[in-house]
Amino acid sequence: MLDVRRLVLLRDLEVHGTVTAVADLHGVTPSAVSQQLRLLEEETRTRLLERTGRSVHLTAAGRRLTSDTEHVLAALEHARVRLLAAARHPAGPLRLACFPSALAPVAAPLATALEAAHPDLQLHITEAEPEAAVRLLLQRRADAALVYRYDNLAAPPLPGVATRTLCTDPLVAVLPRDHPAVRADRAPVDLAELADTPWITAPAQSACGEAVLHACRSAGFTPRVRHVCTDFTAMIALAASGGHTVLAPRMAAAHLPPALTALPVTDTALARTIGIATRHDTADEPAITACLDTLRTLLHGSSR
712 MLDVRRLVLL RDLEVHGTVT AVADLHGVTP SAVSQQLRLL EEETRTRLLE
762 RTGRSVHLTA AGRRLTSDTE HVLAALEHAR VRLLAAARHP AGPLRLACFP
812 SALAPVAAPL ATALEAAHPD LQLHITEAEP EAAVRLLLQR RADAALVYRY
862 DNLAAPPLPG VATRTLCTDP LVAVLPRDHP AVRADRAPVD LAELADTPWI
912 TAPAQSACGE AVLHACRSAG FTPRVRHVCT DFTAMIALAA SGGHTVLAPR
962 MAAAHLPPAL TALPVTDTAL ARTIGIATRH DTADEPAITA CLDTLRTLLH
1012 GSSR
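Quick note: the sequence shown uses the numbering used here, first residue 712, plus one each step.
No wet-lab data here; the hints were simulated from the structure. Keep in mind that this is a model prediction, so the values were computed, not measured. Check each hint, because a few of them may be wrong.
To be verified - Here are the in silico distance ranges between beta carbons for each label pair:
1) PRO867 with ARG765: 33 to 41 Å
2) ARG716 with GLU761: 51 to 59 Å
3) ARG775 with THR977: 54 to 62 Å
4) THR731 with VAL939: 24 to 32 Å
5) MET712 with ALA948: 54 to 62 Å
6) GLN916 with THR984: 45 to 53 Å
7) ASP735 with ASP779: 21 to 29 Å
8) VAL739 with ARG935: 47 to 55 Å
We put the beta carbon where it would ideally sit given N, CA and C, even for glycine.
Take the sequences, apply the hints, and build the full model.
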């Protein structure tokens, strides 16, 4: 009988490329990973790895074994899901990957609500952007993932997972209260009104940065970017200190310094759709269903 944990190490080596990366992933030393992989070769009586200097690569036999490992893991998960489906109450650990800007407004209250409603269910949260979160799902290191996509970008569906929409999170213009675009009736802002202001944006290669750049160019200008950062809280702090323009998801702009205000924009396509992703064979697991129901309640209440 092959050791499933060793099979997982081999699979992760194929995905991540180095023994050090696998060791970091599992919280062990590289030498411990190497020892387990050697034992796996002894178990299988097959050369699974090629070692060239400090580099390690899977042989053809090793790649075949990792492919079969996915079937083994899927069968084990199917058996686990069948057992859990018979349970009356959601229980056990639930591993949630969550993108950074949803940690405080969504994941934190989710943890509190789930603990109150289902005392036998323990939520474990890992910060991860959607692409990384999907990898965690497919590697069975997460059971569910909060993900997003920007509506004005032609992003393909996330591969290999089932995604259910939770809500739409429009981007808002975060501006100084004395900015000329801020009117008494708080009317939506046309991005063209912000063309001559200095901007703070996410990196151009990020989804948010690309979405904002695309929206500005559609409005007839390229933003004059003063600061670039990935953290919306930092963007807002910089905006408060320098009077710069920020386009941020409404969820991330819920709490602003007194000097700033958030206004809707006229470009209604400038929004992100938030969803929950799961593996296809676990979508109806009791713990995931409880998580989904709680998320919908929280997000519906916060959108009022």
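Violated hints, by number in ascending order, as checked against the structure: Hint check: 2 and 6 fail, others pass.
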